[in-house]
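Undergrad: Following this note's numbering from start to finish, the sequence shown increments by one per residue and tops out at 518.
One or more hints might be untrue.
Said to hold, decoys possible - Quick list of in silico lysine to aspartate or glutamate cross-link-like pairs, EDC-like style, CA-CA up to 20 Å:
(1) LYS103 with GLU151
(2) LYS478 with ASP507
(3) LYS374 with ASP338
(4) LYS161 with GLU125
(5) LYS478 with GLU500
(6) LYS303 with GLU323
(7) LYS347 with GLU305
(8) LYS103 with GLU125
(9) LYS328 with GLU389
(10) LYS374 with GLU405
(11) LYS417 with GLU367
(12) LYS440 with GLU475
(13) LYS288 with GLU367
(14) LYS372 with ASP338
(15) LYS288 with ASP338
(16) LYS42 with GLU151
(17) LYS65 with GLU98
(18) LYS103 with ASP63
(19) LYS432 with GLU405
(20) LYS328 with GLU405
(21) LYS303 with GLU279
(22) LYS303 with ASP354
(23) LYS161 with GLU151
(24) LYS288 with ASP317
(25) LYS103 with GLU74
(26) LYS42 with ASP63
(27) LYS478 with GLU449
(28) LYS347 with GLU367
(29) LYS288 with GLU298
Stated by the list, open to error - Have a look at the derived ranges for each label pair, beta carbon to beta carbon:
(30) PRO90 with GLN139: 21 to 29 Å
(31) SER366 with LEU28: 40 to 48 Å
(32) SER67 with LEU469: 38 to 46 Å
(33) ASP518 with THR363: 40 to 48 Å
(34) SER67 with GLN292: 29 to 37 Å
(35) GLN139 with GLN471: 49 to 57 Å
(36) SER68 with GLU125: 21 to 29 Å
(37) TYR490 with LYS288: 41 to 49 Å
(38) THR363 with ALA513: 42 to 50 Å
(39) ARG77 with SER451: 43 to 51 Å
The set of hints was computed from the structure by calculation and includes no laboratory data. Just so it is clear, the structure is predicted and the values come from calculations on it, not from any experiment. No residue lacks a Cβ here, since even glycine has one placed at the ideal position from N, Cα and C.
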Amino acid sequence: FLQELIINNCGIEQIKLPNQVDSNELFQSLKYLYMSDNKISSYSSINELSRISSLISFSILRNPIYGLNQFENETAKQMIIARLPNLTYLNRVLISHDERRGAEIDYLQRYAQDYFDTKLDFINEHRQYQRLINKYGEPLKQNKNQESKKGLCIRRDLLKVIFEFGDENEIKIEKKIPSSMTIAKLKTFVRKLFPSQLTNDIQFNLFVVIDKKHKELIKQYNDHVIDLSSQSINEFDVNHYIYIYINLSQINELNIRQNLIKNWSQLWIILEKYFPKLEILKVSNSRINFDINPSNEFINIKQIVLIDIDNDCHSFEYILKYFPNLIDIHLDLNHLTFISENFVNKIKNVTNLSLSDNQRLIEWDPFINRLGLLPFLQELIINNCGIEQIKLPNQVDSNELFQSLKYLYMSDNKISSYSSINELSRISSLISFSILRNPIYGLNQFENETAKQMIIARLPNLTYLNRVLISHDERRGAEIDYLQRYAQDYFD
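Generate the whole structure from the sequences, applying the supplied hints.
TA: Shown next, in the form of structure tokens:
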């Protein structure tokens, strides 16, 4: 049942599992492995970890496998990510989709020559290489005398595109472009192809014709993510992209952050017609007006991310009521100054709620206390909200508040008194609490350590403080110091 193994600073030089047959039953449940401050210097150790399929988080800070400068460190990071396909966190930092893709492509390119030279032991040294070829395509083979070119190296990433212009499509130009090119860059590219025809005052749309091969490819994208973030999209042209939408009806995540869509009505149309199974919607870093109501509720969407969309509590009331089954909500960096009862009633099923960086949401009572009425709320993130005090209502009224809350993150606020910590002791389900960079900590290491001990002693059920596991010895020491510190007051 071992899920977490912490072996930092143990002098370990190499990771070596037994042969494939014997290792089938090793570390079957291991998810978290922390090995910072050891002596791992070779990628062969990382290759060994690829055989632990359950591993999702790995820390290897301050090991010789990293270099002496930023460039070498970044290279090592990419090589580790590429070798561990199931890894979600490296050194406790989330690995993004783009970061993994970039790391895997760089890995393919770095060892392409060895692959084509069929060097001995290549498969043992690069166990993930064939899997990445299946994923991205075979790398381009270069002559030994040919200078290495920068950029994408994958054949499948180059698309053959025919550009047509004119009333009768009399002008045709055939080009190969990378599939990762954004819409904004593609429009710039088209203007360069037709400089005399497309002047700056002419607006144009891009039309897509999909051949049979790519129609079949699109059908294979069930249960995948559409990421249209930062693409300068200002509208959805359903007439020209209808085939794509129809064949991607199984998509469960849509990311359209940081675009130019002006009104929710444009988004409602797409969601209602073409994404019936969507579960995750991300519309952050945009300025979208709530103009009309949708025709139906979106009952399948479980997570919504509306970070930095310049809205307040009333606006979110209107938006969220059309997503009745949300369990994960992110409303960070907006203009929330209060939490209304109506808002709480719209999100009754939520388990994870993030409201960080709403810097005028300063009143715990009554606004944050209203969130305590959410029966399933397990995680509440309210970093950098300007909160000065935690105050629950009197004992009788607070019995039913925060019944399910396990994780509370309040870093970068203004908590300065242990009376706030005492209030949290009334939330018996709380096991993880973060309060970094609050005035309750002192100006030096000694004062910081004292504050840490006083917080641990006051919260008997806490397992993690500032995302760090509280050991048995640490809790015992904190509680004994707490007893001794206030002994005189007790006897008085």
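Undergrad: Look at each hint and say if it fits the structure.
TA: Hints versus structure:
{"no.": "1", "hint": "LYS103 with GLU151", "in the structure": "holds (17 Å)"}
{"no.": "2", "hint": "LYS478 with ASP507", "in the structure": "holds (11 Å)"}
{"no.": "3", "hint": "LYS374 with ASP338", "in the structure": "holds (19 Å)"}
{"no.": "4", "hint": "LYS161 with GLU125", "in the structure": "holds (15 Å)"}
{"no.": "5", "hint": "LYS478 with GLU500", "in the structure": "holds (10 Å)"}
{"no.": "6", "hint": "LYS303 with GLU323", "in the structure": "holds (13 Å)"}
{"no.": "7", "hint": "LYS347 with GLU305", "in the structure": "holds (16 Å)"}
{"no.": "8", "hint": "LYS103 with GLU125", "in the structure": "holds (10 Å)"}
{"no.": "9", "hint": "LYS328 with GLU389", "in the structure": "violated (28 Å)"}
{"no.": "10", "hint": "LYS374 with GLU405", "in the structure": "holds (14 Å)"}
{"no.": "11", "hint": "LYS417 with GLU367", "in the structure": "holds (18 Å)"}
{"no.": "12", "hint": "LYS440 with GLU475", "in the structure": "holds (18 Å)"}
{"no.": "13", "hint": "LYS288 with GLU367", "in the structure": "violated (29 Å)"}
{"no.": "14", "hint": "LYS372 with ASP338", "in the structure": "holds (15 Å)"}
{"no.": "15", "hint": "LYS288 with ASP338", "in the structure": "holds (17 Å)"}
{"no.": "16", "hint": "LYS42 with GLU151", "in the structure": "holds (13 Å)"}
{"no.": "17", "hint": "LYS65 with GLU98", "in the structure": "holds (17 Å)"}
{"no.": "18", "hint": "LYS103 with ASP63", "in the structure": "holds (16 Å)"}
{"no.": "19", "hint": "LYS432 with GLU405", "in the structure": "holds (6 Å)"}
{"no.": "20", "hint": "LYS328 with GLU405", "in the structure": "holds (15 Å)"}
{"no.": "21", "hint": "LYS303 with GLU279", "in the structure": "holds (9 Å)"}
{"no.": "22", "hint": "LYS303 with ASP354", "in the structure": "holds (17 Å)"}
{"no.": "23", "hint": "LYS161 with GLU151", "in the structure": "holds (19 Å)"}
{"no.": "24", "hint": "LYS288 with ASP317", "in the structure": "holds (9 Å)"}
{"no.": "25", "hint": "LYS103 with GLU74", "in the structure": "holds (16 Å)"}
{"no.": "26", "hint": "LYS42 with ASP63", "in the structure": "holds (18 Å)"}
{"no.": "27", "hint": "LYS478 with GLU449", "in the structure": "holds (16 Å)"}
{"no.": "28", "hint": "LYS347 with GLU367", "in the structure": "holds (13 Å)"}
{"no.": "29", "hint": "LYS288 with GLU298", "in the structure": "holds (18 Å)"}
{"no.": "30", "hint": "PRO90 with GLN139: 21 to 29 Å", "in the structure": "holds (25 Å)"}
{"no.": "31", "hint": "SER366 with LEU28: 40 to 48 Å", "in the structure": "holds (46 Å)"}
{"no.": "32", "hint": "SER67 with LEU469: 38 to 46 Å", "in the structure": "holds (39 Å)"}
{"no.": "33", "hint": "ASP518 with THR363: 40 to 48 Å", "in the structure": "holds (43 Å)"}
{"no.": "34", "hint": "SER67 with GLN292: 29 to 37 Å", "in the structure": "violated (54 Å)"}
{"no.": "35", "hint": "GLN139 with GLN471: 49 to 57 Å", "in the structure": "holds (51 Å)"}
{"no.": "36", "hint": "SER68 with GLU125: 21 to 29 Å", "in the structure": "holds (23 Å)"}
{"no.": "37", "hint": "TYR490 with LYS288: 41 to 49 Å", "in the structure": "holds (43 Å)"}
{"no.": "38", "hint": "THR363 with ALA513: 42 to 50 Å", "in the structure": "holds (44 Å)"}
{"no.": "39", "hint": "ARG77 with SER451: 43 to 51 Å", "in the structure": "holds (44 Å)"}
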